[in-house]
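Chemist: Chains as they are written, first to last, in this note's numbering: chain D, 1 to 287; chain C, 288 to 1059.
Think of the hints as simulated: they come from the structure by calculation, not from any bench. Treat the numbers as computed from the prediction; the structure is a model and nothing was measured. We put the beta carbon where it would ideally sit given N, CA and C, even for glycine. A portion of the hints provided could be inaccurate.
[To be verified] Okay, derived cross-link-like pairs now, DSS-like style, lysine-lysine, Cα gap no bigger than 25 Å in a straight line:
| no. | chain 1 | residue 1 | chain 2 | residue 2 |
| --- | --- | --- | --- | --- |
| 1 | C | Lys298 | C | Lys908 |
| 2 | C | Lys364 | C | Lys381 |
| 3 | C | Lys405 | D | Lys249 |
| 4 | C | Lys844 | C | Lys866 |
| 5 | D | Lys42 | C | Lys990 |
| 6 | C | Lys931 | C | Lys844 |
| 7 | C | Lys405 | D | Lys29 |
| 8 | C | Lys1055 | D | Lys249 |
| 9 | D | Lys64 | D | Lys203 |
| 10 | C | Lys629 | C | Lys708 |
| 11 | D | Lys42 | C | Lys319 |
| 12 | C | Lys293 | C | Lys309 |
| 13 | C | Lys381 | C | Lys337 |
| 14 | D | Lys61 | D | Lys203 |
| 15 | C | Lys629 | D | Lys42 |
| 16 | D | Lys42 | C | Lys674 |
| 17 | C | Lys840 | C | Lys772 |
| 18 | C | Lys472 | C | Lys337 |
[Stated by the list, open to error] Here are some of the chain C residues that sit facing chain D, going by a computed Cβ distance under 10 Å:
| no. | residue |
| --- | --- |
| 19 | Glu523 |
| 20 | Asp929 |
| 21 | Pro1038 |
[Claimed, not checked] Listing some non-contacts, in silico: residues in chain D with all C-beta distances to chain C over 12 Å:
| no. | residue |
| --- | --- |
| 22 | Leu18 |
| 23 | Arg44 |
| 24 | Ala58 |
| 25 | Asp266 |
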Amino acid sequence: MIPANFEYFAPKTIEEALQLLEQHGEDAKILSGGHSLIPVLKLRLASPGVVIDIGRIAELKAIKVDGSTISIGANATHAEIAANADLKTHCPLLAETAAQIGDQQVRNRGTIGGSLTHADPAADWPAAILALDAEIVARSSQGTRTIKAADFFLDLMTSAVESDEIVTEIRIAKPEQPAAAVYLKVPQSASGFAVIGVAAQLKVTNGKCEAASIGVTGLAPKAFRASSVEAALVGKTLDEAAINAASAKADAEADDAMEDIHASGDYRRHLARVFAKRAVLAAAAKA
Amino acid sequence: MSFLAKYIGQKVKRTEDPRLVKGIGHYVDDIKLADTLHVVILRSQYAHAKIVSINTDAAKTSPGVVAVYTGADVAGKVGFVPCAAALPGLNVPKYPVLADGKVAFVGQPIAAVVATDKYKARDAADLIEVDYDPLDVVTDAEASAQSDSPVIHEEFGTNVAFTHQAGTGDIDSAFAQADKIVKEKLNHQRLAPISMEPRGVLAHYLPGEEQMTLWSSTQIPHLMRTQVAIMLGMAENRLRVITPEVGGGFGCKLNVYSEEALLGWIAMQVHKPVKWIESRRENFQATIHGRAQVGTCEIAVKNDGTLLGLRYNVTADLGAYLQLLTPAIPTLTGLMLSGCYKIPAIQMNCVGVFTNKMSTDAYRGAGRPEATYLVERMMDCVALELKMDPVELRRKNMPKPSEFPFPTATGLFYDSGDYEKALDKALAMADYQKLRAEQAEARKQGRLIGIGVSTYVEICAMGPSIALPAGGWESATVRVEPTGKVTVLTGVSPHGQGEETAFAQIIGDMLGIDMNDVLVIHGDTSIVQYGIGTFGSRGLAVGGAALVKAAEKVVAKAKTLAAHLLQTDEASLTFENGKFVGAPNDKSVSIQEVALAAYIPHNVPEDFEPGLTATHFFEPKNFTFPSGTHICVSEVDRETGDVKILRYIAVDDCGNQINPMIVQGQIHGGIAQGMAQALFEEVVYDENGQLLTGELMDYAVPKAHQLPFFELDHTVTPTDVNPLGAKGVGEAGTIGSTPATANSVIDALAPFGVTHVDLPLRPEKLWKLMNN
Ligand SMILES: Cc1cc2nc3c(=O)[nH]c(=O)nc-3n(C[C@H](O)[C@H](O)[C@H](O)COP(=O)(O)OP(=O)(O)OC[C@H]3O[C@@H](n4cnc5c(N)ncnc54)[C@H](O)[C@@H]3O)c2cc1C
């Protein structure tokens, strides 16, 4: 790779990183796993003058499960999340999503914070993060703010993270019925990114759906909650007919469907419906 | 020659692997010379354009820049990129190493920036302003042959580079006598070879000595030396080409590209080492592609399944220029159109056309996968039409072992073969009848299971010199050193095939020594005698044959000296286990002792030539024809079109196996590539000639987790073409697997009346077919 020249910093604390960000402003870019930033630098689609590598900030790596909340440091890698025993128990959707990202090398380097900030429309995390109603914590030298997942993805490759901010953690309320969840995807044959990805987290009592949250990625320029499917499921007995009817609305919230050499918009819409159905069926079966 | 079987036939671990696995081997980019300058090449962004002007002023004054060169600088000084394939009437466009006023594909080199490091070179390249005047673009091969197409090389007035007819037999009467004529149009998509190590060149010119060393990641160091010397107008013996570790080639490094001569020329201007390492993006744009044929095939057949004739009218997409063997590749397709069947009349009518894309050339299989895919796909179409089992149709038309050497209507003589043996073995492994029953049962339940068979034969061990543009012999030197260690110099240029191991096994057994005492040296034109190189599954079958012959000469010479040392006559001696034995006095002498005596010739026969070394240039009298049967079982997801491979069985016959583990490795890699062609690989250009699959993020190279377990076995039908009886296995997996996979998936879709689908069999395509 032959990127343009840049200055490289590897701060050890968040404060130091924030200070560097403030000092260099728009000319600086945060580097975490580098699996999205480095390709951008390589193609010179961006040529930041300063790269701030946050990979050595230990506190950004922590994964904590206490009481009713789960906290994942922005720099936790996909592999670390996939392997975390607490998460497997208290929020298997996270571990399951992480395990399906790219391949082992990508999972060893890529981080949840980097993936969310990058807001690739085919990334896996957004579906799960939306389905879990997560909150993303971002810090700048001005202070700390918390962004709801629903407000986080703004457009294609655009998240709510400002250029002076660092995402520090992702907070999730423990799901009431952790096991009633699944992430299913169709990987793009070259990259592994999601042609479609559906995350479903349910709450089911005696076969009846009390709550459903469904995140869909890969279909639209930004990931979204399939609220029409959710509305159609809540209150219903989760039989095949009900699930079929509800999942037929999986693309209702997508005004535009993405199209590329890997899949047409129509096919993506179809896959969203099929995978919403399969995800709900699978999650319900685990409930 | 008799062989001790201590090593030959054993699954000896590859001696190459430890250094490669540890990352301590040396590829071109690992060769570091002091004061090296780095070259970045500015490439065309347009598929077809006139270059109105190039402004390099800003680039020349950019920090660290030593020089910037354009087409004007090299015109008349560096020869054109060579094409060695001579077809009658071939239109060969001039292909300058830097564009001369015009570009014809995205990625064509326009300017070279030389700087103190690659970053500065790239910064400066970004400052070059090229004023393009875009021309109309043609990317579709069939459209390119039409008279209303934009013409790429005006001097020819047409995009047709050549027309080629192949085959013999009375094709008209074959079709006149046919009960049925089965016709299908098939597309072989364009593929990118994607060696893990891209290309790279390091050139170092010594003006005092007037000698140049060129390190290049190539499969053909000697042919490269000759061609680059010609391009640079320098004496061939003053150019040394060194091929260090090569991280894969698959045919894409069986070529001479712009960059080798360009770097050589630059080295002669700047008098410092210059290095260029291809980026992956450049690799997609400017390293040859493979396949890319579109054509219509017709088969004339009797109702009982007897094949009468095959006609193939095909357009070959050559790309914008001709690389080393570009036009030769479709002619190989023509040679293999008989498959492993008796087809009395065959005719291929091929039109080779220019398009505004990268050149096509040899990619693993090189013309033969196209033939095999075509024939094997058509066999299924014929079987469907005749309502015959596809296996029975194949079996009915196979020549029997007694019919070998088997003459084909394409003018070949298949050396040896027992096609039914491999077929039966594969059928037994698959439990074919049971599979068919299971398939019928699954269909009743709405599951789409497919069973695909391909029985292939391919042409390897390239080949008799008369049939190849640069000759097809191979060379080897066996040098027993004074201490008894053995150095092998081979003219082949292995880059993943494992000949360092296989050749050491052969020498270990032939000389009765520890194979670890053998060092195999290749890829340095100043050390190794002239050779042809590695391609066309020839390394072992031709290069190994040369090695056997050279070793025989060494043993013969050693025997003369041994007889002298043992004071007996040669006739009484035999060479066993590294020792000359049988002397009446019961004394023996080892090859190592003989070697020492040969180098310190104090006690030798009169006229004895000191030393113990021999070279042999082996000329094969024919190609070899490996064959086999592949069976693929797949399931298509009714809702999504997704394909899952349930089982994959391959029984291959490459003749005698020197190292069954290496054979399996070659088969594994081959199946992976062939299956990927069937399922997802494809180079895609848009209608403006822009490359849409320009990164590994979009071009799907197969990964282990995308592939099934391969159930392998083999049969052994030796060849008499070479002393090893080995046929070659480098390409077989690729050739057999594409049609087996395609036939399987298309068979799965039979309930929808689908008879053919062009590759790759991407889920969306299948989904659409099921919903029309
Ligand atoms: C071959 C390949 C396959 C892949 N397959 C998949 C896949 O299947 N599914 C999938 O979801 N992803 C996939 N990815 C993407 C991968 O998961 C990336 O790791 C991820 O998108 C970005 O994470 P990162 O840590 O590498 O971020 P980086 O590349 O380091 O950064 C990405 C962007 O986010 C910014 N950034 C990073 N961290 C922070 C932070 N804490 N605060 C503020 N800004 C930050 C950076 O400045 C940059 O703009 C793939 C990538 C590759 C190379």
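Chemist: If a hint holds in the structure, say so; if it doesn't, say that too.
Modeler: Each hint tested on the structure:
| no. | hint | verdict |
| --- | --- | --- |
| 1 | Lys298/C with Lys908/C | 29 Å, violated |
| 2 | Lys364/C with Lys381/C | 14 Å, holds |
| 3 | Lys405/C with Lys249/D | 52 Å, violated |
| 4 | Lys844/C with Lys866/C | 14 Å, holds |
| 5 | Lys42/D with Lys990/C | 23 Å, holds |
| 6 | Lys931/C with Lys844/C | 59 Å, violated |
| 7 | Lys405/C with Lys29/D | 23 Å, holds |
| 8 | Lys1055/C with Lys249/D | 21 Å, holds |
| 9 | Lys64/D with Lys203/D | 23 Å, holds |
| 10 | Lys629/C with Lys708/C | 17 Å, holds |
| 11 | Lys42/D with Lys319/C | 23 Å, holds |
| 12 | Lys293/C with Lys309/C | 28 Å, violated |
| 13 | Lys381/C with Lys337/C | 15 Å, holds |
| 14 | Lys61/D with Lys203/D | 30 Å, violated |
| 15 | Lys629/C with Lys42/D | 54 Å, violated |
| 16 | Lys42/D with Lys674/C | 56 Å, violated |
| 17 | Lys840/C with Lys772/C | 17 Å, holds |
| 18 | Lys472/C with Lys337/C | 36 Å, violated |
| 19 | Glu523 | 34 Å, violated |
| 20 | Asp929 | 7 Å, holds |
| 21 | Pro1038 | 20 Å, violated |
| 22 | Leu18 | 29 Å, holds |
| 23 | Arg44 | 7 Å, violated |
| 24 | Ala58 | 29 Å, holds |
| 25 | Asp266 | 9 Å, violated |
The structure does not agree with the numbered hints 1, 3, 6, 12, 14, 15, 16, 18, 19, 21, 23, 25 stated previously, though it agrees with the rest.
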